[in-house]
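Student: Going down the list, the sequences are from chains C and X. Note that the first sequence covers residues 0 to 345 in numbering that gives the first Met the number 0. Note that the second sequence covers residues 0 to 345 in numbering that gives the first Met the number 0.
No lab work stands behind these hints, which were simulated from the structure alone. Because the structure is a prediction, the values reported are computed rather than measured. There's no promise every hint is true.
Heads up, incomplete: computed chain C residues facing chain X, CB under 7 angstroms, no partners named [to be verified]:
1. Val165
2. Glu170
3. Gly174
4. Glu176
5. Leu181
6. Lys195
7. Leu238
8. Tyr263
9. Thr267
10. Pro274
11. Ser275
12. Arg307
13. Lys315
Beta carbons: idealized from backbone N, C-alpha and C, even for Gly.
Here are the chains, one letter per residue:
Number of protein chains: 2
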Amino acid sequence: MAPDVKPIPLTRAVAPFYVGVDLGGTSTKLGVVDDLGRPVCRAEDIPTAVAAGPPNSVEQIAAGVNAMIAQIGLQPTEVARIGLGCPGILDYQAGVMVNPTNFPGWHGFPIRDLLAEHLGMPVVMSNDASAAAYGEMWIGSGRGFRSVVLLTLGTGIGCGAIIHNVIIEGEHGHGTECGHILIDPSPQAPVCSCGKTGHLEAFASATAVVRRARELLAAGKCKAVAERTAAGETLNPRLIAALAEAGDPEALELILDTARYLGYGIVTLLHTFDPSVVLLGGAMTFGGNGSPIGRRFLQRIREEIRERAFPALVEKISIRFAALGGDAGFIGAAGIARMVHRRDRG
Amino acid sequence: MAPDVKPIPLTRAVAPFYVGVDLGGTSTKLGVVDDLGRPVCRAEDIPTAVAAGPPNSVEQIAAGVNAMIAQIGLQPTEVARIGLGCPGILDYQAGVMVNPTNFPGWHGFPIRDLLAEHLGMPVVMSNDASAAAYGEMWIGSGRGFRSVVLLTLGTGIGCGAIIHNVIIEGEHGHGTECGHILIDPSPQAPVCSCGKTGHLEAFASATAVVRRARELLAAGKCKAVAERTAAGETLNPRLIAALAEAGDPEALELILDTARYLGYGIVTLLHTFDPSVVLLGGAMTFGGNGSPIGRRFLQRIREEIRERAFPALVEKISIRFAALGGDAGFIGAAGIARMVHRRDRG
Chain C
0 MAPDVKPIPL TRAVAPFYVG VDLGGTSTKL GVVDDLGRPV CRAEDIPTAV
50 AAGPPNSVEQ IAAGVNAMIA QIGLQPTEVA RIGLGCPGIL DYQAGVMVNP
100 TNFPGWHGFP IRDLLAEHLG MPVVMSNDAS AAAYGEMWIG SGRGFRSVVL
150 LTLGTGIGCG AIIHNVIIEG EHGHGTECGH ILIDPSPQAP VCSCGKTGHL
200 EAFASATAVV RRARELLAAG KCKAVAERTA AGETLNPRLI AALAEAGDPE
250 ALELILDTAR YLGYGIVTLL HTFDPSVVLL GGAMTFGGNG SPIGRRFLQR
300 IREEIRERAF PALVEKISIR FAALGGDAGF IGAAGIARMV HRRDRG
Chain X
0 MAPDVKPIPL TRAVAPFYVG VDLGGTSTKL GVVDDLGRPV CRAEDIPTAV
50 AAGPPNSVEQ IAAGVNAMIA QIGLQPTEVA RIGLGCPGIL DYQAGVMVNP
100 TNFPGWHGFP IRDLLAEHLG MPVVMSNDAS AAAYGEMWIG SGRGFRSVVL
150 LTLGTGIGCG AIIHNVIIEG EHGHGTECGH ILIDPSPQAP VCSCGKTGHL
200 EAFASATAVV RRARELLAAG KCKAVAERTA AGETLNPRLI AALAEAGDPE
250 ALELILDTAR YLGYGIVTLL HTFDPSVVLL GGAMTFGGNG SPIGRRFLQR
300 IREEIRERAF PALVEKISIR FAALGGDAGF IGAAGIARMV HRRDRG
């Protein structure tokens, strides 16, 4: 995971200000950004009290926003908009989440309007994956581009795409569900979290890497991994990256295979969305730019793309790590709120 | 190929009018449509004099447009805009084609502005695949939807996508180059027209179907195909469809395999663009809705999608044949011109 962004002092910030809220199934991130996208502050994460129901959670989030604003000495009138990034499929007209997976009982609840009412400020809702992509485009690794795809590698694979400054979410909110693009139609392809086979997520998520490692362990391979897990360590991409960095060839192969699979998927993304840049974020970047293993991972992805993509496209595309880490969501939610604010002002 | 659309009489048409020009490497189609998208007339195709250079061709197209308008008794002032659909990558700012494959010497030529000058009317340039998708969305099989993907099955596989009424073309004009999405990463996957392996076009274009049939012939299979080609018939998807319709199981299998491969590709399109409807057009639809073989082809595609796509999406998507045949391009070019005209009017 890339490091979070260092906030700037309020005295150096450029008004107006935007609050970003990144609603997660476990915790919610909050921050204030200035008109140039620079975080002015980042609040402590608020536990999302999913089970306590949305009215309760919205009240806590509103209280968190008010406390955060007060703490840095910002007047509520200096905040132009609140950006609220939410997971899953959204009904933007109604300002509600649609059958959100990890939010039982939240379906159809007027979360946007209730938050606006609590805060006395307009709230702009956005999809969290789109928001993260927007954040990276605004002030992260996608800065300077208007066509950015962000793949978030973790338990699953998330994706946000902005092409020509237009956020792509599709007709039913399933657009850029790129974890579910088909990369291998063979019957022996692994099963995805959605129950179907051959999807990118079944090959290149953290879950998939651990599953492949387990299969190798079961076949008596990956001795180094076996030793470390026998000693009580958890089998996860971080352990695999550590072993690869220590010179274990099997751990490295697991990582480079993952890169190859991601390459397959990105080839398809280039021929559908045609972005300027594809960014890789999330927990599973094997150390990213700061690690030789992360850099080899990225290099292997690029090689696969060169091998597979329409030649004229290969020259034009940049593949790199995301820069904002866990802050991308709230920064992007604030950025989308700013975009709407500026459009409303004309 | 679906039948062309029957023009309506001018007396029943609704002003203003739009001229659509569908520039092809061999011939150029022209037509006039009314404000509801209904063709008022379709001119004889004009041979595109590619080798004679763009000034010459543009002059011929302009003459064709003027003759067509005069023939139906339309005043030039009743034409609000000319829509010009062009193949390949376009520079919309400059109104030029960028390294067009079948148009040597046309790179960078100010085709849009020269046509406007000849006609004394504003010309709106569009990509031909996007225009065809727009035409189908306007008055064809995609009517009533705002998120449409059109796959054009022929020598290659073309694609146009409009999502939430936004035309998707990507940052470099390679967006929706869906013939080149990866559907099979295995080393034995066939080579695509672009030189890379495993792309959809290498499995599901007319070229691919003929190649697979040849491979089967070489292996001593497909006796029925062998007999007909020995008798002088050309091996093409039309022959294969005729044999399948006559009950030949191997010909049918060739068609259903093609459907399966298309299903793989469409699964990916659903998880990237998330349209309401995917339309299949072009020369290779095996008779379309009018033929039992065409209907089985479509059915097999739907089955594969049900088998492979994210379950929540399968319920929402419609897969059907396109309706406008070869007219989709000029109708859509006119439709995009109308969209720009209406935007300009505010």
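Student: Could you tell me which of the hints above the structure violates, numbers in ascending order?
Tutor: 7
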